[in-house]
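4 protein chains.
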Amino acid sequence: MINIAICGATGYTGYEIIKILLRHPKADIRVLTAKLDKPAKISEEFPELKGKIDLVCEELVVNHILKKKIDLVFLALPHRISMEYASRFINKGKMVIDLSADFRLKDVKEYERYYGQKHIYKDYLAQSVYGLPELYKDSIKRTRFIANPGCYPTGSILAVAPLLAKKRAAKDTIIFDAKSGTTGAGRKAVLGLIFGEVAENLKAYKVGTHQHAPEITQELSNLAGKKIDILFTPHLVPIRRGILTTAYVSLNKKSDLSSLLRCYKSFYQNAPFVKIYDEGLLPQVHDIVNTNYCGIGIALSSDKKKAIVVSVIDNLLKGASGQAVQNMNIACGFPETMGLE
Amino acid sequence: MINIAICGATGYTGYEIIKILLRHPKADIRVLTAKLDKPAKISEEFPELKGKIDLVCEELVVNHILKKKIDLVFLALPHRISMEYASRFINKGKMVIDLSADFRLKDVKEYERYYGQKHIYKDYLAQSVYGLPELYKDSIKRTRFIANPGCYPTGSILAVAPLLAKKRAAKDTIIFDAKSGTTGAGRKAVLGLIFGEVAENLKAYKVGTHQHAPEITQELSNLAGKKIDILFTPHLVPIRRGILTTAYVSLNKKSDLSSLLRCYKSFYQNAPFVKIYDEGLLPQVHDIVNTNYCGIGIALSSDKKKAIVVSVIDNLLKGASGQAVQNMNIACGFPETMGLE
Amino acid sequence: MINIAICGATGYTGYEIIKILLRHPKADIRVLTAKLDKPAKISEEFPELKGKIDLVCEELVVNHILKKKIDLVFLALPHRISMEYASRFINKGKMVIDLSADFRLKDVKEYERYYGQKHIYKDYLAQSVYGLPELYKDSIKRTRFIANPGCYPTGSILAVAPLLAKKRAAKDTIIFDAKSGTTGAGRKAVLGLIFGEVAENLKAYKVGTHQHAPEITQELSNLAGKKIDILFTPHLVPIRRGILTTAYVSLNKKSDLSSLLRCYKSFYQNAPFVKIYDEGLLPQVHDIVNTNYCGIGIALSSDKKKAIVVSVIDNLLKGASGQAVQNMNIACGFPETMGLE
Amino acid sequence: MINIAICGATGYTGYEIIKILLRHPKADIRVLTAKLDKPAKISEEFPELKGKIDLVCEELVVNHILKKKIDLVFLALPHRISMEYASRFINKGKMVIDLSADFRLKDVKEYERYYGQKHIYKDYLAQSVYGLPELYKDSIKRTRFIANPGCYPTGSILAVAPLLAKKRAAKDTIIFDAKSGTTGAGRKAVLGLIFGEVAENLKAYKVGTHQHAPEITQELSNLAGKKIDILFTPHLVPIRRGILTTAYVSLNKKSDLSSLLRCYKSFYQNAPFVKIYDEGLLPQVHDIVNTNYCGIGIALSSDKKKAIVVSVIDNLLKGASGQAVQNMNIACGFPETMGLE
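Chains as they are written, first to last, in the working numbering: chain A, 4 to 344; chain B, 4 to 344; chain C, 4 to 344; chain D, 4 to 344.
A hint or two may mislead.
Since copy identity is lost for identical chains, a pair holds within one copy or between any two.
As the list claims (entries may be wrong) - No more than 16 Å apart at the CA atoms, straight line, and that leaves these computed lysine to aspartate or glutamate pairs for EDC-like:
#1 Lys53 - Glu344
#2 Lys44 - Asp281
#3 Lys55 - Glu344
#4 Lys53 - Asp281
#5 Lys170 - Glu87
#6 Lys308 - Asp232
#7 Lys22 - Glu344
#8 Lys140 - Glu339
#9 Lys308 - Asp259
#10 Lys206 - Asp306
#11 Lys308 - Asp175
#12 Lys307 - Asp232
#13 Lys209 - Glu282
#14 Lys22 - Glu51
#15 Lys230 - Asp306
#16 Lys169 - Asp281
#17 Lys206 - Glu51
#18 Lys307 - Asp259
#19 Lys55 - Asp31
Calculated directly from the structure, the hints in this document are not laboratory data.
Here chain A stands alone, though its shape is the one from the complex:
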């Protein structure tokens, strides 16, 4: 049994971590923090939690939290703010799973360019592991500091990782056309997120400048052993949860679909949350939403030299909180799927 603190409990990702851990046999939520006008029970913010968890959301004060004999802290905080708290909990020997972007990019210059701020805790970068279990399960087992991946990168990287790792991709630019539900932007009052602006609308945004692009590039380049060039175009669509990514990859030779599917199944043979779809089938958001799975399906161009790969995740689960718990399970030695099925 491990004792848990969740910092940022009233955002969408904090809330999802709570819901998962309430079903988790090895986790005991001891502390919730949130920025509220006045202290309130979490069940006042989310009435469906009433009778299940009645902790009061407190202010984030590290010393108070440490007194509660915490083993592990989930940081569901905004970028920039997470940085400081991660370092402080690490210093105190706590296990930290950071859902922010602060320790995902190994190249500080990239971080500072895309997030527009200094990185003042770069010394901690070396300790952190990029928490994508399908790529780094062994490192995650041994770490106490996990930088949980972004939602878009999770869907994009998993969609093409086998092609790069197994040298099936040509050197052309890989295109990721991603469509995301609105909860990916967090639970906050922003004009561009209100129903009147989102419903019956579609838009591409931050084309060429989205902060998740360097994260995708970093991981694909690691997999390929060389710099990979990508185009990443995020779109906002009027659904609450889910990201569907359509990836376009040039193959290094004519391929048939069954061979590609075998390549994917082999690469993901130890990945309990990746579902490879059979020939002719592609994942839809409805198949995957509310689960921790990543569904992947493949189609081929008629000349068999380009793969169209469709991946689907729930941005709040495999794209954030579910993956965070999956990382906790691995790092703590629990079964990888515990609490997640």
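Knowing the structure of chain A, use the given hints to seat chains B, C and D on it.
Here is chains B, C and D on its own, set in the frame of chain A:
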């Protein structure tokens, strides 16, 4: 040709007034004001206006506006703020159509109770006319100061006005169960309005305390010549535009539907924007949205002593901006439907 | 451990029963039936079931099913078709939970009037129990034939049952204004249900003629010990799941809210799936969707003589499949909440 | 003044043609046809047309229609059915605008492959003009038989036409990732289109096999003067109207954005319904929906060798009925924008 200023041009109602007046042969928009971080063209805020109107949204400064030879000002401002500007433009002899609630309630105590603030311009109340053309067309013709009705009151009052005016209602409480799209709450960054909170959700809110209730009571009581008791329950539903109101009225005697429909058609014979539905039909939001109509249909209880009246309006048109232009047409001597069909 | 057949497995309610029973420690799904063009695995129809249940959906042939040593049959079939199969399984001594309306109305004339067809198995009516556990738990424990309530009646009856049972309601007509998501109409290709017709629309339908009205009347009259008069107005709203019902009840005397809340809490003290909201709070669909709960909140008119009661259920869970499993649990002697939390 | 028949008046595209022509000063709708169980007024099917047009929808019988002195026929019929009627009206000297796909593909083998049926009126192909005014305005002026483009091809072709016509594209495959609202699939009862299946879902479909792909290839190849290779991936998103297409084009040399925008503005200088967005801006569905415009915005990859072009149309207007009326205007010698602004 009249010269127009629209104050609050970047809200939903301001934007709708612009779109209507661009089609209106007698209106020339001369001034737009908005609270923006820096001055910007209205077409930067709403790209669909590009090439149609390129005015810059300026700060609301009365003297600046007066210099532009304005005849009529639409105030699409928040409650409380509207009050002051209305009085100042009235003082300068300008025609004012105020879309806020500041001059709708004749009883200042009701205003102060429901809006939680002092009314510091009560002297102007006597000059203002409640701008519901189906009830007050003659007064609107003669006034220069119109208090444009709220969206919920428009749908609720029109749904039952004939029954009260023609003494067909029993003295029981009239129930209004209203379902509104989200644009009724304005174009503003509020957590409760973001897509993730609204989509796939339904809620009743401000039950017994909504500020539109006294407006409905005031007008129904005027019609009946005695105090009318109501219950008004607003609900938020995940659509952008439209209010469907289901009214439950006890009749003072058994009635048949054809007689009720005749009563409605007679009462609304000079109301070009009220559509009474034939027996067996009820209005839906799709029938009415994007128009200035109010659709009304009636069903009877099996004992024929209670009417279930369904009304539908577009909250931004008949419930706000369309009605404002209808009022302008009447007050300026233009055809009532000009620019609205 | 009991062996289960689900007839009508590819509809929304059949699918939800499958998902619940996959988590249920005492249920073993042995048979699925569906009307398909050709036999197919359930996981082909619902890809998210892949790896969890791979049964092939077969045609509904009673003898085939009986061979599979079934203990209990869920009938998630259309009205009229259910009737025959219910009787045949009952005759063979199987426990039957019928989600159709065929055995809900004790008065065959009402059934024939509202469903437009003869009831040819009326002899079985006496054996069936109306499966609303909050009212009939004892009878459900002793029966082998349960008529599972409709979705609208569940939300409506639970909203006002305490007021009638405890003699707090005046004799006036009780009004139910109900707003339902689209899955209440089933998973079928109907023009009125396609996205283009439902999204951004609201409508009232079957006003005064909906087949769920007599079911509500029957149960409220039973509770009150006399004929209760109701008005029931269903509305279709663009959400997938959830029913929010706003009930308007005249009280037989001035009441305060705390007394009413005590009345509700007392009435539902043994009802694990009813949540009474504290003063000032009302349930929203987001609080309840994807659970088997019925959330109930109460507001009072300013004269304290009328209650506005808001209830929320998930139409596919407490309004159908969740309630069916709750009934199974009670009838089979399992804990009432098993598999449902 | 020309006399019009609309065949297929109760589908989404037929309905939109009616609404446009009611505002058109030179068009008189004389005949509506529809497949209905019994003859009905169009205003019974679409209550918002009441008082505006009260024609009865009749069966499609060519001789009956010819008696009504029709000049021009819009065929808003399913593929395969359109073919026969188009030929018969052409034979009688009527002008025909065919919204189906039957005469869009000049290569009959492509038609038969993608639409799975014989083309039995190929002799008429030579007479038909592909009705994309931005490419074929001169031919449209001289023809009496217009094959109105598909919705996806309109958005895709317009997005990249300047790059091909002005030889700015490299020879790599052009990728079109298109996201469409549901009305693109027509107004018909299909399980995959019901709200419960579409809302909160996203899916790619017919990847590599969609019937609009050869139409795009045909037109781009014509523009380029050589065979162009494309990948076209359509996606269904939960909006009613609108297609956003994200096109990825390799350029034949490093380019800057201003040069590309000049190229587009020059190519479309006589195209009143194409809006090129300024640098840094991209069209959203909200900008364009309910208009006949195609909005186009461009972004560049960081190496300036790949263009990401985003186009938006309303699938029912520029993607179907609006374009059909634009074609009518051109072919009849009316101002191109008449009735469309």
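Item to check | Indices of hints not satisfied (ascending) | outcome: 5, 10 and 16
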